[in-house]
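K.L.:
What follows is each chain in one-letter form.
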Amino acid sequence: MSQLAEQKENLLAPGHNACSGCGLVLAARLVLNAAGPDIIVTNATGCLEVTTTNYPQSAWRVPWIHSLFENSSAVASGIEAALRAQGRLGKIKVIAQGGDGATADIGMMCLSGMWERGHDILYICYDNEAYMNTGIQRSSLTPFDASTTTSPSGKVSLGNPTLKKDMPAIALAHRLPYVATASVAYPQDLEKKVKKALSIPGPKYLQIHSPCPLGWGFKTSLTIKSAKAAVQTGLYPLFEYENGKLISVKKIAKPQPVEAYLKDQVRFRHLFRDEAGKTQVEKIQESANENIKKFGLTG
Amino acid sequence: MKKFLEGSQAVAEAVKLCKPEVISAYPITPQTHIVERLSQMVADGELKSEFINVESEFSAASVILGASATGSRAYSATTSQGLLLMAEVLFNLAGMRLPVVVTCANRSVSAPINIWNDHQDVMAIRDSGIIQLFAEDNQEVYDMHLQAYRIAEDPQISLPVVVNMDGFILTHAYEPIETLTQKEADDFLPPYSPERKLDPARPGTFGVLADPNWYLETRYAMQKAQEAAKRVVKKVASDFKASFGKFQGDVIESYRLEGAQTAAVALGSLVGTLKDVIGEEREKGKKIGLLKIRCLRPFPEDEIKEALKEAENILIFEKALSLGSGGIIFHEVRSALYTSPSRPNLKCFVLGLGGRDVPKSSLKKTIESFSPAMPDLNFVDLKEEQIKEHLYVPVS
Numbered sequence: 001m002s003q004l005a006e007q008k009e010n011l012l013a014p015g016h017n018a019c020s021g022c023g024l025v026l027a028a029r030l031v032l033n034a035a036g037p038d039i040i041v042t043n044a045t046g047c048l049e050v051t052t053t054n055y056p057q058s059a060w061r062v063p064w065i066h067s068l069f070e071n072s073s074a075v076a077s078g079i080e081a082a083l084r085a086q087g088r089l090g091k092i093k094v095i096a097q098g099g100d101g102a103t104a105d106i107g108m109m110c111l112s113g114m115w116e117r118g119h120d121i122l123y124i125c126y127d128n129e130a131y132m133n134t135g136i137q138r139s140s141l142t143p144f145d146a147s148t149t150t151s152p153s154g155k156v157s158l159g160n161p162t163l164k165k166d167m168p169a170i171a172l173a174h175r176l177p178y179v180a181t182a183s184v185a186y187p188q189d190l191e192k193k194v195k196k197a198l199s200i201p202g203p204k205y206l207q208i209h210s211p212c213p214l215g216w217g218f219k220t221s222l223t224i225k226s227a228k229a230a231v232q233t234g235l236y237p238l239f240e241y242e243n244g245k246l247i248s249v250k251k252i253a254k255p256q257p258v259e260a261y262l263k264d265q266v267r268f269r270h271l272f273r274d275e276a277g278k279t280q281v282e283k284i285q286e287s288a289n290e291n292i293k294k295f296g297l298t299g
Numbered sequence: 001m002k003k004f005l006e007g008s009q010a011v012a013e014a015v016k017l018c019k020p021e022v023i024s025a026y027p028i029t030p031q032t033h034i035v036e037r038l039s040q041m042v043a044d045g046e047l048k049s050e051f052i053n054v055e056s057e058f059s060a061a062s063v064i065l066g067a068s069a070t071g072s073r074a075y076s077a078t079t080s081q082g083l084l085l086m087a088e089v090l091f092n093l094a095g096m097r098l099p100v101v102v103t104c105a106n107r108s109v110s111a112p113i114n115i116w117n118d119h120q121d122v123m124a125i126r127d128s129g130i131i132q133l134f135a136e137d138n139q140e141v142y143d144m145h146l147q148a149y150r151i152a153e154d155p156q157i158s159l160p161v162v163v164n165m166d167g168f169i170l171t172h173a174y175e176p177i178e179t180l181t182q183k184e185a186d187d188f189l190p191p192y193s194p195e196r197k198l199d200p201a202r203p204g205t206f207g208v209l210a211d212p213n214w215y216l217e218t219r220y221a222m223q224k225a226q227e228a229a230k231r232v233v234k235k236v237a238s239d240f241k242a243s244f245g246k247f248q249g250d251v252i253e254s255y256r257l258e259g260a261q262t263a264a265v266a267l268g269s270l271v272g273t274l275k276d277v278i279g280e281e282r283e284k285g286k287k288i289g290l291l292k293i294r295c296l297r298p299f300p301e302d303e304i305k306e307a308l309k310e311a312e313n314i315l316i317f318e319k320a321l322s323l324g325s326g327g328i329i330f331h332e333v334r335s336a337l338y339t340s341p342s343r344p345n346l347k348c349f350v351l352g353l354g355g356r357d358v359p360k361s362s363l364k365k366t367i368e369s370f371s372p373a374m375p376d377l378n379f380v381d382l383k384e385e386q387i388k389e390h391l392y393v394p395v396s
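Taken in order, these protein sequences are the chains called A and B.
According to my numbering, the residues represented by the first sequence are 1 to 299, in order.
According to my numbering, the residues represented by the second sequence are 1 to 396, in order.
Simulated from the structure, these hints should not be mistaken for laboratory data.
For each residue, glycine too, the CB sits at the ideal point set by N, CA and C.
There could be a bad hint or two in this list.
Calculated pairs, BS3-like style, for lysine-lysine (alpha carbon to alpha carbon, straight line, at most 27 Å) [said to hold, decoys possible]: (1) 305/B - 383/B; (2) 91/A - 19/B; (3) 195/A - 48/B; (4) 2/B - 365/B; (5) 91/A - 197/B; (6) 219/A - 195/A; (7) 293/A - 192/A; (8) 347/B - 383/B; (9) 165/A - 155/A; (10) 196/A - 91/A; (11) 91/A - 347/B; (12) 283/A - 164/A.
With the Cβ distance kept under 10 Å, some of the chain A side facing chain B (calculated, not the full set) [stated by the list, open to error]: (13) 53; (14) 78; (15) 105; (16) 117; (17) 199; (18) 243.
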């Protein structure tokens with residue numbers, strides 16, 4: 001297939017103005033292509049929205065709506081209800097999406113409501129681990145020790161002092177029939193999960209690790225390498241839960257030390273300067289080890 | 001057919017006739033009876049709507065936004081804190097030109113918390129681009145809901161409508177209501193079929209980013225739609241008369257303004273009380289009349305100017321105020337009359353806040369006390385002793 005023909009197949013068209021190396025836009029394209037054209041997509045305010053819909057242009061070849069920062073899941077609930085009333089639900093599927101801040105912080109109330117009510121919607125969190133659209137501020141999905149513009153490392157700070165909020169666990173507490181994580185480094189796995197999620201009725205949650213070259217501070221050519229390292233160190237485990245049961249994990253044959261992931265990124269650079277940083281890296285290694293054990297990543 | 005209905009039930013009956021495909025709401029006093037009644041209608045299979053019980057008014061407004069964009073007629077009801085929580089979405093609904101209808105059972109805003117009636121809630125979203133209608137009694141409430149969808153969904157307009165009814169005073173009052181049959185309602189209000197909606201058969205992008213090259217024009221278009229909405233409000237009222245034999249609508253209503261030297265101005269249920277007072281004053285030979293503002297947005301500037309052109313003294317009665325500025329309706333009416341050759345005396349009377357009862361005696365006393373020399377802003381039935389004992393007021 002020629003490059004042009006291939007581009008025509010993409011439901012998220014090229015020509016948007018996301019940064020080169022953007023993991024988020026890559027993830028969104030994979031999601032859409034896996035889902036197919038018979039969908040309606042809602043979007044929270046954020047990078048994905050502003051880079052794709054600068055009027056009079058739009059990169060979306062599917063029906064798409066953005067309302068506000070925090071209501072992607074509530075707007076999707078209304079769409080799902082309307083499709084149900086019109087007898088079109090099922091034939092048309094609904095996908096709600098947002099970044100990590102829109103999902104885990106400001107949109108948490110709407111999202112919990114959507115899950116609890118049991119709407120037939122796939123919610124996708126594009127997790128680039130900070131508020132990138134406003135200039136790399138910390139969110140509750142920013143990892144431990146990452147330096148952001150509102151959790152900067154400094155003379156008396158080692159960066160973000162809190163652990164990443166466990167969104168999949170919160171999703172599971174809502175008794176969702178399908179909860180999974182994915183990564184742009186594993187596109188086939190990602191697409192498979194989107195297709196599977198859409199085949200299951202009810203509310204679904206998929207969290208996709210989407211590296212941000214600008215926000216994390218790495219070369220734009222290293223997006224996939226960075227995403228892969230997060231998985232291969234055990235820091236971003238890829239798993240699937242169906243009806244509350246862990247049904248699959250991405251196995252890591254030989255886990256890499258967390259340095260393999262951290263050292264390429266400016267946001268963790270301060271951890272490689274002195275003894276204090278070394279202790280922190282050890283703590284991060286411990287959390288990777290916990291993941292490896294909890295999800296049986298090496299077994 | 002005449003039915004004896006509670007105001008909230010009248011709303012529910014009217015909304016049912018409008019056949020919204022999606023209803024979403026969150027309970028808040030004094031709106032609850034409306035959504036309880038609608039829930040029961042859905043539960044009994046009398047109304048085929050998706051009723052979405054949400055975790056907040058913020059989501060209620062967002063749900064009807066999504067439903068409306070998908071081509072379904074959608075409805076919600078709220079008040080006070082709920083309306084304020086919806087505010088961000090309400091501005092968004094207007095900007096996205098989605099013709100939903102929301103009932104506001106007008107109530108004060110916190111703090112201090114108070115569940116009773118005034119108009120401070122809806123004044124907070126005055127500048128949102130939403131069309132704002134105010135009902136005087138429950139018959140008007142009933143008719144207004146059917147008209148609201150016609151106005152909102154007019155392709156020339158395509159803006160949300162908030163129907164305002166006074167909390168408790170109307171929502172909880174029983175009155176005989178002339179109701180319509182489903183057939184009559186269907187003939188008056190056709191099904192909602194927007195030109196554009198979220199549909200995979202014709203993918204469209206809704207809620208785009210408008211940069212500085214585009215944003216101003218979106219506001220211009222909304223302003224023009226608001227201006228055109230005045231015409232549509234009147235047209236819908238005429239159509240209502242053609243269908244049901246009674247004129248119910250317009251942007252203002254003049255009551256005994258012929259030859260009136262003094263004119264009162266009010267909106268909502270206060271109008272009913274004032275009509276009584278003015279009738280009695282007229283019998284005593286006083287040249288007094290009343291202007292009811294039925295449509296606050298679009299603001300009927302020309303109509304007000306024309307109706308009040310002979311009045312020398314104008315008393316604006318308001319259940320809200322812009323703190324730090326004064327009466328909101330007062331300022332808007334004064335602005336409308338700025339170019340009036342008569343340059344009448346205008347005074348603002350804030351009253352009934354937080355559900356304080358407004359008896360006829362208070363209105364009579366206020367009208368009698370009127371003098372061109374009094375301050376622009378006056379508070380009716382203010383309890384001086386309570387202020388002295390419990391509140392801090394700076395000494396001027």
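K.L.:
For which of the previously enumerated hints does the structure constitute a violation, in increasing order of number?
P.N.:
1, 3, 4, 6, 11, 15, 17, 18
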